[in-house]
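Residues in the first sequence are numbered from 1 upward in steps of one, following our numbering.
Please keep in mind that the hints were generated in silico from the structure rather than gathered at the bench.
You may find that some hints are simply not true.
[Unchecked claim] Straight line, CA to CA, 27 Å or less: simulated DSSO-like cross-link-like pairs of lysine-lysine:
id, residue 1, residue 2
1, LYS11, LYS152
2, LYS152, LYS125
3, LYS384, LYS394
[As the list claims (entries may be wrong)] Pair ranges (Cβ atoms, derived):
id, residue 1, residue 2, range
4, PRO118, ASN260, 44 to 50 Å
5, SER8, ASN260, 30 to 36 Å
6, LEU109, THR83, 21 to 27 Å
7, ASP457, ASN20, 49 to 55 Å
Cβ atoms here follow ideal geometry from the backbone N, Cα and C, with glycine treated the same way.
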Amino acid sequence: MMIYNTLSGEKELFEPIHKNRVNIFVCGPTVYDESHIGHARTYIAFDVIARYLKYRGFSVFYLQNITDVDDKIIRRASELGITPIELARRFEKRYLEDMCALGIHNVNLYARATEHIPEIIEQIKTLIEKGFAYETETGVYFDETKFEDFGKLSNQTIEDLTEHRIEPDPTKRNPGDFSLWKKREEEPAWDSPWGRGRPGWHIEDTAIANTYFGPQYDLHGGAKDLIFPHHEAEIAQMEASSGKKPMVRYWMHTGFLNVNGEKMSKSLGNFMTIRELLERYEPDVFRFFVLSTHYRSPINFSEEALEQPKRSLERIYNLIRTIDGLLDGMNEEYMEGDEEFSEKLIDAKNKFLDAMDDDFNTPLALSLIFDLVRAVNRYIDDKKVSREALRDVKHLFIEFGEILGLKLSVGDSKEDLTDDLIDLIIEIRQKLRDKKDWEFSDDIRSRLRDLNVILEDGAGISNYYMLKRV
RNA sequence: GCGCAGGUGGUCGAGUCCGGUAAGGCCCCCGACUGCAGAUCGGGAGAUCGUGGGUUCAAAUCCCUCCCUGCGCUCCA
1 MMIYNTLSGE
11 KELFEPIHKN
21 RVNIFVCGPT
31 VYDESHIGHA
41 RTYIAFDVIA
51 RYLKYRGFSV
61 FYLQNITDVD
71 DKIIRRASEL
81 GITPIELARR
91 FEKRYLEDMC
101 ALGIHNVNLY
111 ARATEHIPEI
121 IEQIKTLIEK
131 GFAYETETGV
141 YFDETKFEDF
151 GKLSNQTIED
161 LTEHRIEPDP
171 TKRNPGDFSL
181 WKKREEEPAW
191 DSPWGRGRPG
201 WHIEDTAIAN
211 TYFGPQYDLH
221 GGAKDLIFPH
231 HEAEIAQMEA
241 SSGKKPMVRY
251 WMHTGFLNVN
261 GEKMSKSLGN
271 FMTIRELLER
281 YEPDVFRFFV
291 LSTHYRSPIN
301 FSEEALEQPK
311 RSLERIYNLI
321 RTIDGLLDGM
331 NEEYMEGDEE
341 FSEKLIDAKN
351 KFLDAMDDDF
361 NTPLALSLIF
371 DLVRAVNRYI
381 DDKKVSREAL
391 RDVKHLFIEF
401 GEILGLKLSV
411 GDSKEDLTDD
421 LIDLIIEIRQ
431 KLRDKKDWEF
441 SDDIRSRLRD
451 LNVILEDGAG
461 ISNYYMLKRV
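Start from the sequences, fold in the hints, and give me the full structure.
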């Protein structure tokens, strides 16, 4: 399996540190507001990565931090007249609900920054002892000039970094030194050897990762905007304090989700939250949209752009419904097998896995699913496929679906009363059709459509499916 | 200014690392099937691969110039 490593700028053969175990850390959100579709893009990408690693037999531990102490949280909370922790808990809950709605269930542990203050303090102490950090009146800072590898991830040198959007704290030795501990009296604040205060942004991730994984682990992910300064700072902190390098074997970064070619932002008015998205689209439609583009490439979001994956998915669902219909024994003709077909299935699966092995090439993997869809349709049309083969196809789709997090099955809910009733209606309607009572038949079909039950008539048989209410 | 990505048919988007004249989806057109609709199948249209140069028998792919877009440049996924 090959993975593109931001650190080397190349695809590298994936070899975990501990044989079969893979430790993944992905930067989680700062919980000061609703999560947006850009977050969704990144976390869906890593969800699929975790899924695939598991599928490949690795024992995956996926860790994500929750930044619940931060200037933005404090500012927002004071605007709303609640405590920063109340605000953080509120949006953390919303975040977890959003992830759940998107079908992201693979994170093993969400770790809050505020619950790792002792580990953070411990790491800062080590950095001071080793001479990488120093204390001033305003806080504790990391001295970037003491860490010779600084800039290796973003491929920049300290000299390159001359522009600042924010005026550097005047007590710092170098303008690029970053904060480890901020001396502040206002809440939330904790006691430390340097007085009351709160941790800087970067230190929580290394302290948390070190707690659960130790100073070296396999994969660290996040969106591209975190490469600098955040991940650069993490490397500096961890490798300086532990003396071991590399901190992370493979750095993975997702491309941005843009809207009309621009970064999504509230001020531009092109902002969409996950909740707003899911009010209008099925989670799988968005997931398919995300997976249609390689995780490292930028993706341009628009509502029109979501129409394409919607129809693409429909094409897959249609085949699955056809197969289920055939397997329900509506038509016994399709019984003769074809060995060539079985080979085709094995071939399709291998190609799919090859695509995923090559740095999680989901767009290619999806295109291979469509190749398979076309092939299966052709075999069905030629009536050259056995029940067993159809069952294999069905299972293969479920397997692909589990890897990608898409539901590529229609579910066996035929026991439901609703389904039985609809079957009954179809049966009655079939009698009308036999009598060529088209007017009444069409009326039933149209009335069912109003109830989001779609009938599709074939020669002699009718299939149906239900649209979910949105 | 510096760093990192990207620019491929109407549209979305693989392929670039490992040169051998471009995968797949959506849209569109024709035909088959169908009482109609839908789905499906077969066929088809549509690509100066951002620009200009170079290397090569051969370049989307390697090298160089330039243009454009996005991101980062010190607490944004």
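**Non-conforming hints, listed in increasing numerical order** = none
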